[in-house]
Each structure stands twice: as C-alpha cells, then as structure tokens.
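Letter by letter, the chains look like this.
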Amino acid sequence: MTVLSLARRSLWNRRGTAALVVCSVALSVALLLGVERLRTEARESFANTLSGVDLIVGARSGPINLLLYSVFRLGDPINNVSWASYERIAEHPQVAWTVPLSLGDSLRGFPVLGTTQAYFTHYRYGRDQSLSLAHGEIFDGIFDAVLGAEVARRLGYDLGDEIVLAHGTSAVSLTQHDDKPFRVVGVLERTGTPVDNTVHISLAGMEAIHVDWRGGAPIPGLSISAERVQSMDLTPDSITAVMVGLTSRRAVFQVQRQINTDRDEALMAIMPGLTLQQLWDLMRVGENALLAVSALVMLVALTVMLTALLTGLNERRREMALLRALGARPWQIFALIIGESLLLSILGALLGVVLLQGLALGASGWLSGQLGLTVTLWPPTLHEMKILAILFAGGILVGLWPAWRAYRNALTDGMAIRM
Amino acid sequence: MIRSLFRSLAAAALLSLALPSAAEITLEWDDMIPEGWPPPELFEGINIDELQDDDPEAIEFFAKIEQLWDEAPVVESLDGKRVRLPGYAIPLEGDSRSVTSFLLVPYFGACIHVPPPPRNQTVLVNMAEGKTARIRHAFFTVWVTGTMSVETSETDLALTGYTITADKVVPYEPEYGD
Amino acid sequence: MTAPVLSLTDVTFRWQPGLPDVLSVPAFQMQPGERVFLAGPSGSGKSTLLSLVAGIATPRTGHIQVLGQPLSQMRGSARDRFRADQLGIIFQMFNLLPYLPVLQNVLLPCRFSRARRARAIARDGSVEAQARRLLGALGLDADDLLRRPVTALSVGQQQRVAAARALMGAPALVIADEPTSALDADRRLEFVDLLSSECDASGAALLFVSHDQTLASHFPRRLSLLDINQADTQSGSEVTP
Chain A
1 MTVLSLARRS LWNRRGTAAL VVCSVALSVA LLLGVERLRT EARESFANTL
51 SGVDLIVGAR SGPINLLLYS VFRLGDPINN VSWASYERIA EHPQVAWTVP
101 LSLGDSLRGF PVLGTTQAYF THYRYGRDQS LSLAHGEIFD GIFDAVLGAE
151 VARRLGYDLG DEIVLAHGTS AVSLTQHDDK PFRVVGVLER TGTPVDNTVH
201 ISLAGMEAIH VDWRGGAPIP GLSISAERVQ SMDLTPDSIT AVMVGLTSRR
251 AVFQVQRQIN TDRDEALMAI MPGLTLQQLW DLMRVGENAL LAVSALVMLV
301 ALTVMLTALL TGLNERRREM ALLRALGARP WQIFALIIGE SLLLSILGAL
351 LGVVLLQGLA LGASGWLSGQ LGLTVTLWPP TLHEMKILAI LFAGGILVGL
401 WPAWRAYRNA LTDGMAIRM
Chain B
420 MIRSLFRSLA AAALLSLALP SAAEITLEWD DMIPEGWPPP ELFEGINIDE
470 LQDDDPEAIE FFAKIEQLWD EAPVVESLDG KRVRLPGYAI PLEGDSRSVT
520 SFLLVPYFGA CIHVPPPPRN QTVLVNMAEG KTARIRHAFF TVWVTGTMSV
570 ETSETDLALT GYTITADKVV PYEPEYGD
Chain C
598 MTAPVLSLTD VTFRWQPGLP DVLSVPAFQM QPGERVFLAG PSGSGKSTLL
648 SLVAGIATPR TGHIQVLGQP LSQMRGSARD RFRADQLGII FQMFNLLPYL
698 PVLQNVLLPC RFSRARRARA IARDGSVEAQ ARRLLGALGL DADDLLRRPV
748 TALSVGQQQR VAAARALMGA PALVIADEPT SALDADRRLE FVDLLSSECD
798 ASGAALLFVS HDQTLASHFP RRLSLLDINQ ADTQSGSEVT P
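Protein chains in written order, with this note's numbering: chain A, 1 to 419; chain B, 420 to 597; chain C, 598 to 838.
These are calculated hints, taken from the structure and not from any lab test. Hints may be right or wrong, so weigh each one.
[Stated by the list, open to error] Below, computed lysine-lysine pairings styled on DSSO-like, alpha-carbon distance capped at 30 Å:
#1 A:Lys386 to B:Lys587
#2 B:Lys550 to B:Lys587
#3 B:Lys500 to B:Lys587
#4 B:Lys483 to B:Lys550
#5 A:Lys386 to B:Lys500
[What the hints assert, rightly or not] To list a few chain A residues with every Cβ distance to chain C over 12 Å, as calculated:
#6 Arg8
#7 Tyr86
#8 Asp178
#9 Gly186
#10 Met232
#11 Glu315
Each residue gets a CB set at the ideal place from its N, CA and C atoms; glycine is no exception.
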C-alpha cells in the first residue's frame, strides 16, 4: 500500500519526534492497562481468598477491620474474644463447626497464626478448594509448625528446620521467643491467598510461648522452659477471632444477631461475602478516580500526538503539493496523515504492553510476598482489547484534523512553491 | 357474542404480553407467608412506636419475635414452581462480578433496631450450574428467576426454608401499573 | 494531421471572483513530441498556466484538452488520474521527497499510476530498470547514488533526478517550471540538452517555462507568454491567494 509505505518512511524521517510521541502513548497505555488489570486481579484474588465460611466473629470494632486482620492478616485487632465466648459459640445449636484464630506473632515479617487442626479441614478458597500439603503433615505437637508456600520459599525452610518466632507483627522484632523454637513439620501447596504467607501453629503452641509473658514482654525473673510447658494446661484465655460454619446458611442472620447482641461480651459477627462486598464498594470511589486519571493521561498522550502532527504540517506543505503534482489523489494525502497517526498509536500501544509486562515481572515478587496477590498479565482480556481499540480510534480521530488541513492545502496549493 | 369473544381474546393476548413468560409466577414476599402467621395475639397490648430500645418490655418482645421468626412456617405448595422474585441481594460466595450464591431479603440493612427477616422471608439463592450473578454493591436490588424448592425438617428448624436455583438475575427495575 | 498533445481554446482564469483575469489565452497548441520554450518575466502568469495545463486548477471559461481528453471538463478525481497517467512535472527546486532515497523518488509516478507502470515495464522490463536507464542517460549512474538520501545530492543532481522522474513511464507531456534557475550558469545548457534528448527519446512533448533567454536557442519553438496571453498582467498577479 503506497500510502502506508510513505507514512512509514515519513515517520522514520522524523523519528525523533515520532519516538517522543510513541513513548508518551506507551506510558499512558501501560498506566491504563496496568491500573485496570491490577484492579480486576486484586478484586478476584481477594474474593477468592475465603469460601465456605458463614460468619467470622471478633471483638466489636469495624466489620471491614475484622475481615482484614482475620483473613488477610492486614492491620491489627484491638481486642480479643474470650475463651468462654468461644465455647458458647461452639455450642450454639445452629453452629456446625468453629475454627479459633490467634494472631499477633511473626516470623521474619510473616504473620503467625495459632489455630486448631480443624483449620486445615474447613478453610476453603477459590471455588471451594481445600488446603493441601506439599510436604509433611499437619501440626500435632505443641511446637510443630506448618508453613505457607511463600514463607517456605522465601525463607528457604524445609521439613525439620527449626524456627524462632518473634513477638509482634513487624518485620524486625527485638523480642524473640528464642527459648521455645518450633519445628517445621509441614509445607502447604501454593494457594494464591494470604495462606501462603502464614506460619501455622497450634493454639497450644501460641499459648506456650506466651505463658511466661505479660503485656507483651517476658516477665523478668520468670522463665518457664519448653519441657515444663508441655505439662501445663495450654488452653488460651482469649483468641483473636473465630471462623464459623452453620448448619444452614439461612440461619446466618439469626446467629449473627445473637452474637452481636451478646450481653456478656462486646462481640461482632460478620458475613465475609457481604463485608468483602462492602470493602469493594468503599474502594470503588478510589478505583474510579484512578481510572479517570489514567484516562486523562491517555488524553494527554493523544494531545501530544496531535501537536506533533499539526506542527509538522507547515514544513510538509511542499511535500504534499509535490505528491499532488505526481498524481496523488486528495484522499491519499488525507490517508497519509491518518496512516501516520494510526501507526504511532499502534507502535505506542505495543510498546506500552511490553512495558507493562516488564513492570509486572519485576513487581510480581513484591506483590505476592507483601499482599498475597498473584497478578497475571497475559493474555490481554476482552476488556483490555476494548481499551486498546478506543486508543486506536482516538489515534484516528486525532489524525483527522491535520489530515483535513493537509487535504485542503493540497487542493489549494497549485504549482507555487511554499516554504 | 363474537364481539365479546374477541375482546376477551385480545385481553388475554395483551395480558400474556405484559406478563413475563407464562411459566413463571411473579412472587411477592407476602406470598411466602402462610395464612394466619404471625399470630395476631403476639402484638396485643404492644405499641411498637412507643417502645424504647432499652425498655425491658421491648427486649422481651423482641426476644419473643426472634424466637417466632426462627420457627416461621413455610408455604410448601411453592415447592418445584418456577418463580420470579425481587429483593435485596447479600452475596455469600464469589466476587462481585460472579456471585455464585447469595441471600435474598425483602428489606434493607442489618441494623440493631430491626430484627432480621424471619425464616420464611429469607431466600437462599444458588446460581444454576455454570451461571453467576453480578451484584453491583451490597444489598443490590435484583429480580431472581428460577426454580423454588421448599425444605422442611421436623428435627432441625435450621434446615427449613426457601431455596431458589436461579438461572437469571437481573437488576431490579420497578414495574408500574400492575 | 495528428491530434495536438495540448490545446487551449478561449481559456481565461482568475484567482478569485472580483479580481481581474490573470490569464486570457484564445488559442495555444502543442504537437506530440514538440519542444516549446515559453518565456516571460516572473509574475507574468507562467506558473498559473502550468497549473491549468497540469489540471491542478480549472479555467473560468474555455477548454483545455490534453491528448484529446477534455481536461478542464473532468472532475477532480479524473484530472488527478489523468495527471498521474500522462504528465511529468519538474519544479524550480525542492522536487524530491526528503524521506525517500533517490531511486524511490524516481519510482513515485509509477506508484500512483498503473498505466504508467505498465508502460515502463513494457519498455524496460521493470520499473527499476527504466529508472536506472533514465538516470544514467541524465548523467547519474553511480550505484551508491541511487541509495543515497536526496539531501546528499547537489542541486544540479537533484534537478536531474527530477527530470528522470518526470520521464518515467513515457508521459505524453513534460512540464518544466524554471528548472534551471537554481543551477549554476554553466550547468544550465547541459541540463537543457540532457532533458531535451531524453524527451525526444521517449516521445514526450516538453513545455519549458523560463525567464532565461540564453536557453531559448536550444528549442525549435520559442514564444513569450505575452504572445499568447491577452490579459493585462500589470493588474494580475502571480501570487496565489
């Protein structure tokens, strides 16, 4: 195609300007697609974290707060659930199963979860998928630990290794439970959820390491050895939260209300599906703002393209008159400019996609480690194709004005030389 | 005689166009409560408007209500019927784009002052195989179309209730001039 | 008697309504293969006349026929196609596209006209072969020259490339608008001779417009624009609006 070939060569001749245009388009494409993909993947990833749990019970604070710290290990609980309340919940006639959760410690930045063996049976994610072990077995003894896939991979632990837990949830802790080390007895398969980032120990083990502590610090002068602790009663006084499964989903409102209005303790029961939805509703404003900004950036890039095409027109008036004299039809002049804008858009889009892939690969480690997010960037979704199609349409639209100018000029410029 | 025949035929034709597919029954929430429930004696002597939340009489009243709500009977004749029901959706499983099961209730919110809906005013909706619903936000209003099944259990009250296996969930647009 | 390759009859032209006529040509004809030198000072309407002959502009009244075709009566797209098929144009300067190499510049007419392309292939086997032959005849046959960008050529070389391009595909008529004005004085005659012999060889008529009278003697037919143009050129203007 003559016109396309001329467009290509013409752009190559002005490759400095063309490169700038392509880069700005590429950046805007990378931003827009990246934001979109992150948004949808994050939502799906979060939504796939928990399945099959009817209620989560914790101390009365805010529902989203409870969801975040009990399921996503983000944020910290303010208060606890007493063991007495836990037992009462477990005995409720409409409750089929319960799994207690105890949080607060960490292993080199990864959260530690104290729970029972029931956790491994009842925790579901995605489409009703269960947890499964890659190596080893579920904890049995007091100082047994089961690692999530990412913990094992990142810290390089395997079966039989000894680990020392730290108090508090920050990456660096000055207070370690080094008198009571744990042993890795199992490593879980990768799930793509925060389970991968968690160290799982028994409730007894969690109690054991705090038995000689009070208020977040070891009691001076009192030190109970690992051997002595085995013979003590290690039922905790309180836990952080409880996952609850009911005999029938329909009972959820009634049970929830009973827990919420409990007279003995300030408790709160949330429905995970609903609370997650409320979390998304909250985030939607921010998401839309981000999307709007990305769209504006793309508009800016298209404006850059328009500017480049328009300012080039004056210098190219001679070229257009020449082409006309050689027999080019006016529509071919028009198509030449449109061809250039389309070519720039396509190159920009391709570069943008490549840029995004590179960024994603670079950030994937951080995303899965810190947020438990797995983001895949290929192949492009239908939604993303639509965005690219809009970009191409925008590129053509942008080319219309300079193309029209060139077309008009080509008609009126006769044989006269214009500089 | 011919004229009146024509008229009734025309009316029937128009009616069938106005209604959704003839095989579905459009339910109203009252349809799911059997006749005579709740027993009117419950409300004798109680003036709801004047009750304060902390009033011991109110607490006792609400406790009675909750117990009654738990034992709410169901309309068994609805079992197996193809129905269409509007309500507020509370997602249970899946993410907002593809919800696989949700609860459908006739009123909004779960605040402390209002007891949750009774058993016969709560419908568990499971999407049919391969289908998902789009619940745009919490308590999103939808029309649910599907097959109703009514479960009853003598031994465990918790198992009694309505379930719809839905194949179509669309946003709710009010229909006027019924 | 063969049909003229170019014929103007009662042609008048003005740039805008309300302005006086810039051109008024009752009659002008060129025979096929004829070489005509048209003299006239700058601003006398030469370029305007060439615009009309090339079909880029249309006259207010009268008829222009090229190769028997009623050019002035054709619609714009038909005139464009005709120009692509049958005309070669050489400008005073800036004849070439800066972003194409020399060979690609010469090949351009054959990209815009299938008929022209066919004629070139029929004559020399391929368009590239004809391009090289024409360039060689005009004194440019170094192989590396062909691949060079046009900005690396001297003005004289650029004008000769333009001449080769104008002659691609054996057009019926070549129009040259002051093609030697930018050349050194001692190069001008050489250019005229090269162009003339190549027009003869391919059978194209040549309408050579210039104010340089020293070149006139190399043409069998010489006339001044004032001979054929009856419009008052004092009030008319060469400057296009």
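Here's how the hints hold up against the structure:
{"no.": "1", "hint": "A:Lys386 to B:Lys587", "result": "holds (26 Å)"}
{"no.": "2", "hint": "B:Lys550 to B:Lys587", "result": "holds (8 Å)"}
{"no.": "3", "hint": "B:Lys500 to B:Lys587", "result": "holds (15 Å)"}
{"no.": "4", "hint": "B:Lys483 to B:Lys550", "result": "violated (40 Å)"}
{"no.": "5", "hint": "A:Lys386 to B:Lys500", "result": "violated (41 Å)"}
{"no.": "6", "hint": "Arg8", "result": "violated (9 Å)"}
{"no.": "7", "hint": "Tyr86", "result": "holds (78 Å)"}
{"no.": "8", "hint": "Asp178", "result": "holds (73 Å)"}
{"no.": "9", "hint": "Gly186", "result": "holds (67 Å)"}
{"no.": "10", "hint": "Met232", "result": "holds (86 Å)"}
{"no.": "11", "hint": "Glu315", "result": "violated (10 Å)"}
Of the numbered hints stated above, those contradicted by the structure are hints 4, 5, 6 and 11, listed in ascending order.
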